[in-house]
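> Spelled out from the first residue to the last, the chains are:
2 protein chains.
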Amino acid sequence: MANENKQLIIIGGVAAGMKAAAKARRESPTINITVITEEQYISYASCGMPYFIGDVIKDSKKLILREPSYFKNMHNIDVLIRHQATTIDTKDRQVSVKNLENGQDLAFRYDKLIIATGAQPIILPLPGISLENVFTLRTIGNAIRIKTLVDSGKVKNAVIVGGGLIGLEIAENLVQRSIKVTVVELLDQILPPLDRDMALLVQKHLIAKGVEVITSDGVKSFEGNVNNTVSKVITGKRQLQADMVILSIGVRPNTKLAQDAGIEIGTMHAIKVNERMETNIPDIYAIGDCAESIHLVTGRPVWIALGSTAAKMGRIAAINATGGYDTFKGVTGTMIVKVFDLNVGKVGLSEREALKEGFKTESTIVPAGDISHYYPGARDIIIKLIADTATKKVLGAQIIGEGNVDKRIDIIATALTFGATVDQVSKLDLAYAPPYAMAMDAIIVAANVLTNKLSGKTDGILPQKVIDKLDKGENFILLDVRTEMEYMSGRIKGCIHIPLDKLSSRINELDNTTEIITYCRAGLRAAQAYRILKNAGLKNVKYMDGSIMAWPSELEK
Amino acid sequence: MANENKQLIIIGGVAAGMKAAAKARRESPTINITVITEEQYISYASCGMPYFIGDVIKDSKKLILREPSYFKNMHNIDVLIRHQATTIDTKDRQVSVKNLENGQDLAFRYDKLIIATGAQPIILPLPGISLENVFTLRTIGNAIRIKTLVDSGKVKNAVIVGGGLIGLEIAENLVQRSIKVTVVELLDQILPPLDRDMALLVQKHLIAKGVEVITSDGVKSFEGNVNNTVSKVITGKRQLQADMVILSIGVRPNTKLAQDAGIEIGTMHAIKVNERMETNIPDIYAIGDCAESIHLVTGRPVWIALGSTAAKMGRIAAINATGGYDTFKGVTGTMIVKVFDLNVGKVGLSEREALKEGFKTESTIVPAGDISHYYPGARDIIIKLIADTATKKVLGAQIIGEGNVDKRIDIIATALTFGATVDQVSKLDLAYAPPYAMAMDAIIVAANVLTNKLSGKTDGILPQKVIDKLDKGENFILLDVRTEMEYMSGRIKGCIHIPLDKLSSRINELDNTTEIITYCRAGLRAAQAYRILKNAGLKNVKYMDGSIMAWPSELEK
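One line per chain: the protein sequences are Y and B, in this order. Just so you know, we're using this note's numbering here: the first sequence kicks off at 1 and counts up by one. Just so you know, we're using this note's numbering here: the second sequence kicks off at 1001 and counts up by one.
Among these hints, one or two may not hold up.
[As the list claims (entries may be wrong)] Using 20 Å as the maximum straight-line C-alpha spacing, the simulated PhoX-like pairs for lysine-lysine come out as follows:
1) B/1072 <-> Y/72
2) B/1502 <-> Y/502
3) Y/232 <-> Y/220
4) B/1072 <-> Y/534
The hints are simulated quantities; they were obtained by calculation from the structure and are not laboratory data.
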């Protein structure tokens, strides 16, 4: 057999590495497989760690999917834990390894080498960073340390540095443990992959759940008490009490080993690979969080560290390294995160990213029910759908809400993979029955609205643009067309109120020389009002997409 | 304006008709729109009616989305309820209408005509069919009558004739009302759109929920008591007690009006339309349950009556009838139904349908968790994925389980729309976080398994084919590789038991001249056992896809 006496060395033993090892064995019963990892644990579900801290997952063992002995006994795969790969000699095809337990130096010859060294948390060299109870969350060991501290009851106040996905997952789980949580984010919004308008809606929810959210402020230093334990976080603008700090400002790919061996690093600072997961050095592959990928929307390199991508890359590298042929075309930038009662998802490009990539965009924000409104349990979701005005192709979507979000994200992820236009999305034959969806699914409604905007049939304006106009002090009429009761319950400051069913008869109350922007609860009646005004001959009319449901600012009561 | 003084007549006022009316008004403020419907109610959610009977939806008003007055006041659309369109004169462009309340004959000239006459339940002329308490469920009126009868407490036993989607929805809702329910189906399986193997798993669940399911038996007549009320259902093989009967053997398109006017009927016996929803007669469109569509997998006409398709067709006909341009390419045969705790979905072709269409198929059945197994609330789903061996394209999927099914159906529906291969599905960048999915989503796992089968890497056999072999008395070894405890809890009769971790050392116990089929709980260990045996040099080995989880028959205990 082709692989007999061949050596496959895999560096890294979490998602990508162990997936590659298991798949390589299925592909080849004879190849020798050795996994080398610095860590104590292998094959663990790092994505579950925030929920372990939150006690949603009670036992850390649940996160460890497999032990080294399982791989040895079931698959004849050697796993060397606590062994650090120190250098790769690409000429002699050899990896130097240090046994971290006894300091012994070892060397492994390879025929094929798969690098799955993952990523590590970014740690800034701030004063006080080494104080006790300042953590990152990347390894099982740290997860256990954090949970033990939380279990001790000593943590009243926690500060999370960084408002990204992991930071917010940790925030939720610490609140579940009755800890007062403050999130500090340097940028002017949390969840940087999202557009600001959508991120602000998530921020509203966090605040409603008792999380203090500080944006546009950076941590400068940490102060400790006499026990050398953190007690305070000093930011550019404030001082925050903290019995525990979790740094969650992002991760960076572990590329040093590869780079030192002359393996090419890509523009995104991760290891550059082709679609077979091959690096520039023959017989060396890179997979998982240390490797780059291609963004299927832009066609350009991207680095997104996700377990789902790691698993796919692992399989493909294993197939290629054992003599087969398989390819990975890239990713659609799909992500999902639970933030308390909200499901928050994104796929493709945000509008900000799309503009940066040089696209001319049109977008809409559409609130809708996730299932038939008359069926119990229906919940709202809010969809932002973004298209390229030139090709009418979908560029991306962001969806948030208590309703089913991941399903719609996956529909758009699939559509993006095939370069779907907004029109094609609007005509997808999606599953319909009252317990599952509306006859016109929220995604289809959003695509219809965006089609109308793209074709110039309607003239919607996003809430954020209305806020910009208000901030600039522009002169326009903000027309609330909701019922009296809705109006009284909270309205945008400075609006005029004419209920939709009175609008036709009261058009003359409006100054038709001034721009009018209509709004309602979710945008539907605003669009109807827009048409009434247009049909009555008013020229300068717009309606607000998503209206109050997508309004990120405070309402006047 | 182009549409000024133009008359748009729409025949039919439920999903398609009212969607067309509303959209036509948005497209044209000036066109005159008249909707003609025989019924009392318009714009109602007929798909919600089973849940109204089950008291899941308490108030029938919740199902009636809009009143005629709303359309008049808000959209200047005339809706004539209880008016029957009797003839269409395509030469003089005129529709003859009878007022069903006062018998008056009217005539309406049209410039554009949209036919949305829907479908009606098939009623067989069986003896006793006119007895009291023998119902069909298609109109709000009947839904109210059925619920009133159920509310009276007089129904102890109900017989549902027909085991299709609606029949099963009604069965569930009557069981919720503490009624003993029997479903009688003429075919040898319930849910005819599904393959028999998947339908049998649903049937198992129905039986577990207390529903009596009779297949391969047809209703011959109904018998009544002295009050002319149904009391018994006589089938080919049995007599069933029945205080109520619901006929649910299917619907057929209402095409008589169109046919009499010379409008072409298609091969599926519904009105033939092109992608603009135009019939063969100029300026006459047909939409919704009375119209045909194209199946995007076969490229051939199909007739599937669904509210989701009706809504899309309504929009498109409205755009075209008001001078715009829009097209509907077709459907992917997507369906979903809740059957007690099971979510049951199908998209594309079943394997039986695919074979009938001339495809050579490969398929797999893969059980998997719907979310990360370590996150609370994870539930199983079972996926049957079917591909064309020639092109490696996905032809269809059937998914059942307590876990999230509709999401995966929609992913495949989207993939089918773009002619995706199994390989492309296996590499979709689907949303991953522990509360939502596994790192390798169930759909991706199923696609990987099917890719292996398509490429000849593995040799899985579906449970139904194992049953066929058993039925034929073929000589083969059925090898159970589960743990002792699993084996004791229930096994397939006649199997040999060797736990997976003992298999390597006990291979010599197996007769290597006989075909061996391995099985476990869900197929994963069966596949591992298959590889162990193959690697040991055994030639005639298969593993059972889905194994016990997909096994439709009884287990031996």
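> Now tell me if each hint is right for this structure.
Results for each hint:
1. B/1072 <-> Y/72: 75 Å, violated
2. B/1502 <-> Y/502: Violated: residue 1502 of chain B and residue 502 of chain Y sit about 79 Å apart, past 20 Å.
3. Y/232 <-> Y/220: 11 Å, holds
4. B/1072 <-> Y/534: Roughly 19 Å separates the two Cα atoms, so the pair holds.
Of the hints listed earlier, those the structure fails to meet are numbers 1, 2, in rising order.
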